[in-house]
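K.L.:
Since the structure of chain Z is provided, determine the placement of chain W on it from the hints.
Protein chains: 2
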Amino acid sequence: MDDRKLLASIRTLIGEEETADDCAAFPLGDGRVLVSSTDMLHETTDFPQGMTEFEMGWMSVAVTLSDIASTGASPSQVLVAVGLDRPERLLPFMEGAVSCAETFGAKVAGGDIDSHQELTAVTTAFGIVEERYCCRRSGAQEGDKVCITGVPGRAQAALDGRAEYSRFLLTPEPQVSAGQKIARAGASSMMDVSDGIVISLYDIADAAGVGIVLDESAFPLFEDSGYAKTCFLFGGGDFGLLFTASDAVLEQLDTEYTVIGQVVAGDSVRMGDEVLPRKGYAHVWGA
Amino acid sequence: MDDRKLLASIRTLIGEEETADDCAAFPLGDGRVLVSSTDMLHETTDFPQGMTEFEMGWMSVAVTLSDIASTGASPSQVLVAVGLDRPERLLPFMEGAVSCAETFGAKVAGGDIDSHQELTAVTTAFGIVEERYCCRRSGAQEGDKVCITGVPGRAQAALDGRAEYSRFLLTPEPQVSAGQKIARAGASSMMDVSDGIVISLYDIADAAGVGIVLDESAFPLFEDSGYAKTCFLFGGGDFGLLFTASDAVLEQLDTEYTVIGQVVAGDSVRMGDEVLPRKGYAHVWGA
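Chains as they are written, first to last, in my numbering: chain Z, 1 to 287; chain W, 1 to 287.
Derived from the structure by calculation, the hints contain no laboratory data. In this text the structure is predicted, and so the values were computed from the model without any measurement. Note that beta-carbon positions come from the ideal geometry of N, C-alpha and C, so glycine has one too. A hint or two may mislead.
Said to hold, decoys possible - Computed list of chain Z residues with no C-beta within reach of chain W, every gap over 12 Å:
(1) Gly-111
(2) His-116
(3) Glu-164
As the list claims (entries may be wrong) - Which residues of chain Z face chain W? A partial, calculated answer using Cβ under 7 Å:
(4) Val-108
(5) Asp-114
(6) Phe-219
(7) Val-249
(8) Leu-250
So that you can see chain Z by itself, here it is in the shape it has in the complex:
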């Protein structure tokens, strides 16, 4: 059983809508929406070996800010709950957390400290966005272009030993400013791609009941190789934003992105005629 199947098992309990997006949304009653996201990371599974405490703190905050970014919201506060095996790890961890938050316009406003067998971090970020601009995973329309920010795949390459890309793995940058521009321009859907592009495209396709066709000649790759293409499609750890938008919206959009495909009728994610497997980074339960 992987995370997505496990999530499905509690969908009727929590609600379809509540489990469909990385962010929860709460209407503030005045045209604004509070969006929030929480993520749990722990050392043996989620932090690459050799990572410093500063980098763990940075990454812990970056993952939830990336979720906030994908709605188009301005992040405001981050809460940090950290379980520590050794108390002296707290200060460098929090330095990384605070540094990441401040870099992207948020503030670490509180948290909790616990003793734990291994370093375990849960950050919760929230942000505010005008309701009319709030982007969700659903909403892709046939005919929309499929777009990505940045050059995804480098975090996976770093994980595979390519040291020149290690900063993309160790101190990933949530695309807060790009997310706001994309949402304000009127994108039809958006999500971040931390689990990989193809699996995220399936999320977008499923949420809107559409299919997606990719144009592999358009992929922004970190090098011209089959390996780079595999990292691009299936690698985890990158913090790009995946979004769909009409040509009219794209004409107004003032941020860097690449058109990598198109929304079509159907229910699969294809590259030319090849249906891509629904795979990416996912915890697997049991063995």
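P.N.:
Only chain W this time, still in chain Z's reference frame:
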């Protein structure tokens, strides 16, 4: 080193104000404040032995709703991040979490699932309160009465084996409705007492630069014994609200509470002439 000392070590990094209260506060710019709180619990340290998954889920949500209650806010959403050693524990855990949230007017709106060596839960709760009513830990004034809701000590007694009180330990009830009434009446300070009454009174005294004198004849005890008095003063796990308020405020207050003492000049918490030790429930680091 205990939690409070560890917290002090990062105070300059995070900010004095941000580490002074259980809840973070974010002004929404329209006279309202968003309050939020996050807590990490895990099985070996925080959940009494023999607790069911439903009870763990309930308690995980109750601890943060109790923090929200202590500000006077209406809780709105709860995010639940849970690390699981066995995936089949998720459903009963989430049933407990959802049940607690709904009982106290909140909604589980999202979360995260992770695999972990032991069951680890972090809930983050949000609530909204009008700025003029938002209660904080600081604000106690000389001459105010010191008050408590409920009959604290029963959770500790249950932990010590008194099965008749086990529901106070296993499915504690955050005092959401009382918190709103106390805040609206105009209490000068409020906090919840999950770590014990005396240590919480020191928090209130320190935050306002005052002292507190308790009247032991007024304590609402679960039985007439020295043991019950010790549980009342130093036991953990209860979810009462501790607050300070002037006589004029108390005259208007329509909720059940007991006056247990008075705010005075000074810097200690006394019972008659006896200065009470600054102790309660606290994680201790190292050995």
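K.L.:
Minimum Cβ distance from Val-249/Z to chain W below 7 Å?
P.N.:
It is violated, given that the least Cβ distance between Val-249/Z and chain W is near 27 Å, above 7 Å.
K.L.:
Could you let me know if the closest chain W CB is still more than 12 Å away from the CB of Glu-164/Z?
P.N.:
It holds; Glu-164/Z is separated from chain W by about 30 Å at its closest Cβ, greater than 12 Å.
K.L.:
So, Asp-114/Z near chain W? Judge it on the closest CB pair being under 7 Å.
P.N.:
4 Å, holds
K.L.:
Please check whether Phe-219/Z passes as an interface residue: C-beta within 7 Å of a C-beta belonging to chain W.
P.N.:
For Phe-219/Z, the interface hint is violated, since the closest Cβ of chain W sits about 29 Å away, which is over 7 Å.
K.L.:
Take a quick look at His-116/Z and tell me if its Cβ sits farther than 12 Å from every Cβ on chain W, holds or violated.
P.N.:
Its Cβ does come within 12 Å of chain W, the nearest being 6 Å, so this is violated.
K.L.:
Against chain W, run the beta carbon of Val-108/Z and see if the smallest gap drops under 7 Å.
P.N.:
6 Å, holds
K.L.:
Close enough to count: is the Cβ of Leu-250/Z nearer than 7 Å to one in chain W?
P.N.:
With a minimum Cβ separation of about 30 Å from chain W (threshold 7 Å), the hint on Leu-250/Z is violated.
K.L.:
Say whether it holds or is violated: Gly-111/Z keeps its Cβ farther than 12 Å from all Cβ of chain W.
P.N.:
Answer for Gly-111/Z: violated, closest chain W Cβ roughly 6 Å.
Checked against the numbered hints given earlier, this structure breaks hints 1, 2, 6, 7 and 8; the rest are met.
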